[in-house]
Amino acid sequence: MAVAFWILAVVAVAGGVAVFVVDSMARATFALLASLLAVGVTFLLIDLRYLGALIILMMVMEMLVMAVFMIMYMMNPAGLMPMKMVHNKTGAAVIAGTVFVLLASGAVLTRWPERRGTPPADPTHALGLAIMGPKMLVMMVIGVAILATMIASVVMATHRGRYGSAMPDRRRDGEGS
Amino acid sequence: MTLEAFLLLAAALFAVGLYGVLSQQSIVMLMMGLELMINGLIAAGGAFWYFLAPASADGQVLVLVAVTVMALEMAMGFAVVTALFRARDVDMTDDAGDLKG
Numbered sequence: 001m002a003v004a005f006w007i008l009a010v011v012a013v014a015g016g017v018a019v020f021v022v023d024s025m026a027r028a029t030f031a032l033l034a035s036l037l038a039v040g041v042t043f044l045l046i047d048l049r050y051l052g053a054l055i056i057l058m059m060v061m062e063m064l065v066m067a068v069f070m071i072m073y074m075m076n077p078a079g080l081m082p083m084k085m086v087h088n089k090t091g092a093a094v095i096a097g098t099v100f101v102l103l104a105s106g107a108v109l110t111r112w113p114e115r116r117g118t119p120p121a122d123p124t125h126a127l128g129l130a131i132m133g134p135k136m137l138v139m140m141v142i143g144v145a146i147l148a149t150m151i152a153s154v155v156m157a158t159h160r161g162r163y164g165s166a167m168p169d170r171r172r173d174g175e176g177s
Numbered sequence: 178m179t180l181e182a183f184l185l186l187a188a189a190l191f192a193v194g195l196y197g198v199l200s201q202q203s204i205v206m207l208m209m210g211l212e213l214m215i216n217g218l219i220a221a222g223g224a225f226w227y228f229l230a231p232a233s234a235d236g237q238v239l240v241l242v243a244v245t246v247m248a249l250e251m252a253m254g255f256a257v258v259t260a261l262f263r264a265r266d267v268d269m270t271d272d273a274g275d276l277k278g
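Those protein sequences? They're chains Y and X, same order as listed.
Each step along the first sequence adds one to the number in the working numbering, with nothing skipped, and position 169 is 169.
Each step along the second sequence adds one to the number in the working numbering, with nothing skipped, and position 78 is 255.
Just chain X, with the same shape it has in the complex (with noise of 0.2 Å):
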């Protein structure tokens, strides 16, 4: 169990988050691969407290921000989806697109 163990978890993670995000049309899915990149995040957060600055909290702090904005990031996205389909009965991304210029 080393730095590089964890790092390579979290790396695994975001780029498995970052396909969802690129490749999903349903706006609910794609905020499952945020999630997804979020969790390697905070994977990374825990390993890099544990192996390389224990002595100080600062790593876990980060750890706590991210776990609050994962489910802050829930929270928002399911109200936009809900505002979004209430309006006009759209959940895909490709319909989505109102703020393009």
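Just chain Y, same shape as in the assembly (with noise of 0.2 Å):
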């Protein structure tokens, strides 16, 4: 268990660095696939089948979705050639590595209360009736988040935009290529 745990762990943040490392977009989103299914099989270590299972599904289609977007905007989808678009690329490193610091003595060094309880025997049980009773209203915000979000999304990538009409089209108006 503890290796497979550690095996997860590189994969997970070895993924993550290739994000930022790999000279292609495509590459790029399947490190970060890479890095969230590692995660999502981690919780299966840990007796989280729902959750686990529910990670590696969601983040295989976000990913996919991702993929197409990438493929839209950015200009080296193929990583035909080299591609550096970072700006104070030292001060990042150095305060993410100071966060990173920090987090990790925080984790090492504090002393965690002993473990209450033990786990369920069908954890998926709990987490069901704990959404559909005390939890309910979490449920709730999160439907109307979900609602909110798809509503907001269609109408800021709708052509007619935020403005209705008054703004001008730059493609009809030749701006644009």
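Calculated from the structure, these hints are not laboratory results.
Backbone N, C-alpha and C define an ideal beta-carbon position, used for all residues, glycine too.
Mimicking SDA-like on lysine to any residue, the simulated pairs with C-alpha atoms at most 25 Å apart in a straight line are:
1) K84/Y / V17/Y
2) K84/Y / G254/X
3) K84/Y / A273/X
4) K89/Y / A273/X
5) K277/X / T90/Y
6) K277/X / M85/Y
7) K135/Y / A230/X
8) K277/X / V155/Y
9) K89/Y / G274/X
10) K84/Y / F30/Y
11) K277/X / Y73/Y
Now the stretches of chain X that chain Y is said to cover, found in silico as 3 or more residues with beta-carbon under 8 Å:
12) 178-185
13) 190-198
14) 214-228
15) 236-248
16) 255-265
Make one complex out of these two single chains by using the hints.
Written out as structure tokens, the structure is:
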């Protein structure tokens, strides 16, 4: 179990690093997918079968959608030439390194409380009872948030746009390509 | 396999994502950094449930919320990029400072 966890942890972090190292948008997307899947599989090690499967299925779909957007917007989807689009690389690395050291020292040095209780025989059943009972408000808020996101994303992405027809059409006016 | 090991994994994922968010110029790459940061939070949430309070389902509910937030962030992020790109052919963070004071 411990060996499997550490292998998955290395895959997750290496995938995350690869996202910002590789020269292709498609490769970056699949590196992120590898990182997300590794975390999903670690959940299977700690009895979270439903959430692990949810993360795996959801992230596969999400990254496939991401790959389509990557190819739409980025200039180098196939990795045929070097790709560097960063600013203040050193500052970002220093800040990220500092944050890692702080978080890691907090994780290692904190005296975590004793474990209370044991995992239920079926954690999925317990989760279902919670979100349909005492935690129902959470599910209701999530439902409204998903609906609001669907409406807002369609409004933002539609050709008419946020400002209706008042906004000039670049392509019709010959300003765009 | 301990809580500390899971939290170290979460910290590493969060830090790598933070590097991407701070350094990337492309909005889509920036969003990938955000995804990695939330990925770290998900790992930490699941570990807190298993190693500290497995008797209640609170940790699982938290992970469920984080996974949903991840998907919503993607949807809204791509809608914003699409609106920005349609209006001005911009897909870089440096050119998208409209709300700057």
